[in-house]
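Student: Sequence:
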Amino acid sequence: MQLILDTNAMRFQASGGFEPRLDKDGVHRRDKSGGTNHPLWAVKLVAWSDGDAETILVTVAADNPPKVDQGQFVYVDRLQAMPWVQNGNSRVAFRAKSVLPEGNTGASK
Numbered sequence: 063m064q065l066i067l068d069t070n071a072m073r074f075q076a077s078g079g080f081e082p083r084l085d086k087d088g089v090h091r092r093d094k095s096g097g098t099n100h101p102l103w104a105v106k107l108v109a110w111s112d113g114d115a116e117t118i119l120v121t122v123a124a125d126n127p128p129k130v131d132q133g134q135f136v137y138v139d140r141l142q143a144m145p146w147v148q149n150g151n152s153r154v155a156f157r158a159k160s161v162l163p164e165g166n167t168g169a170s171k
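Heads up: the sequence shown begins at 63 in the numbering used here, then just goes up one per residue.
Incorrect hints may appear among the rest.
[Claimed, not checked] List of simulated lysine to aspartate or glutamate pairs, EDC-like, C-alpha gap at most 16 Å:
id, residue 1, residue 2
1, K106, E116
2, K159, D125
3, K159, D139
4, K129, E81
5, K106, E81
6, K159, D68
7, K106, D131
8, K94, D125
9, K129, E164
[Said to hold, decoys possible] Just the calculated beta-carbon pair ranges, DEER-fashion:
id, residue 1, residue 2, range
10, Q142, N99, 16 to 24 Å
11, L65, H100, 18 to 26 Å
12, N70, Q134, 18 to 26 Å
13, I66, H100, 14 to 22 Å
14, A71, L119, 17 to 25 Å
15, K159, H90, 15 to 23 Å
16, D131, N151, 30 to 38 Å
17, G165, M63, 27 to 35 Å
18, Q148, L65, 17 to 25 Å
19, N126, S152, 30 to 38 Å
20, D87, Q134, 30 to 38 Å
21, R153, G96, 17 to 25 Å
22, G150, D125, 34 to 42 Å
Bear in mind the hints are in silico, worked out from the structure with no lab data behind them.
We put the beta carbon where it would ideally sit given N, CA and C, even for glycine.
Work out the full structure, taking the sequences as your base and the hints as a guide.
Tutor: The following block contains the structure:
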């Protein structure tokens, strides 16, 4: 089951650039669940909504991630929440089809 989030009432701001997602051995992880085998990259985003903000780590699969700068507003396409449990602790991972600077998408919010 895919849990796609409605982000229409949110804005997203990068807290830095993309970094490679590494496995426990330091090897760049690749997209297995999406079927692309592209490298995985992560970016920390501040998700702004009415009077509230939360920092989330969003992973995307791409050969080369787009360049985003700290403080830059971005468009997040198809944000997905993926709940998981490890050692009895519930967590949520976030993935997106893409994260692009707002001016590059024509989809500014």
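Student: Hint by hint, note whether the structure agrees.
Tutor: Right, here's what the structure says about each hint:
At most 16 Å may separate the alpha-carbon atoms for a hinted pair to count; K106 and E116 meet this at roughly 10 Å. The suggested pairing of K159 with D125 holds, with an alpha-carbon distance near 13 Å, which does not exceed 16 Å. Of the supplied pair hints, the one linking K159 and D139 holds, its CA atoms being roughly 6 Å apart against a limit of 16 Å. Taking the CA atoms of K129 and E81, the gap is about 11 Å. The hint holds against a cut of 16 Å.
The hinted pair formed by K106 and E81 meets the criterion: a straight-line CA distance of about 9 Å does not exceed 16 Å. For the proposed pair K159 and D68, the alpha carbon gap of about 14 Å is at most 16 Å, so the pair holds. Under the criterion of a C-alpha separation no larger than 16 Å, the hint pairing K106 with D131 is consistent with the structure, at around 11 Å. For a cut-off of 16 Å, the pair hint linking K94 to D125 stands: about 14 Å separates their Cα positions.
Taken as a hint, the K129 and E164 pair is honoured in the structure, with Cα atoms around 12 Å apart against an allowance of 16 Å. A hinted range of 16 to 24 Å for the beta carbons of Q142 and N99 is consistent with their spacing of about 18 Å. The given range of 18 to 26 Å is respected by L65 and H100, whose C-beta atoms sit roughly 22 Å from each other. Roughly 20 Å separates the CB atoms of N70 and Q134, a value that falls within the hinted 18 to 26 Å.
Restraint check, I66 to H100: a C-beta distance of roughly 20 Å satisfies the suggested window 14 to 22 Å. For A71 paired with L119, a C-beta distance near 21 Å keeps the hint of 17 to 25 Å intact. Distance hint check for K159 and H90: the Cβ-Cβ separation is about 19 Å, which falls inside the suggested range of 15 to 23 Å. Range check, D131 to N151: about 33 Å between beta-carbon atoms, so the 30 to 38 Å window is met.
The supplied range of 27 to 35 Å is met by G165 and M63, whose beta-carbon atoms lie about 34 Å from each other. In this structure the hint that Q148 and L65 lie 17 to 25 Å apart at CB holds, the actual value being about 18 Å. Taken as a hint, the range 30 to 38 Å holds for the pair N126 and S152, whose Cβ atoms sit roughly 33 Å apart. In this structure the hint that D87 and Q134 lie 30 to 38 Å apart at CB holds, the actual value being about 32 Å.
Separated by about 20 Å at the C-beta atoms, R153 and G96 satisfy the suggested range of 17 to 25 Å. For the pair G150 and D125, the supplied restraint of 34 to 42 Å holds, since their beta-carbon distance comes to about 37 Å.
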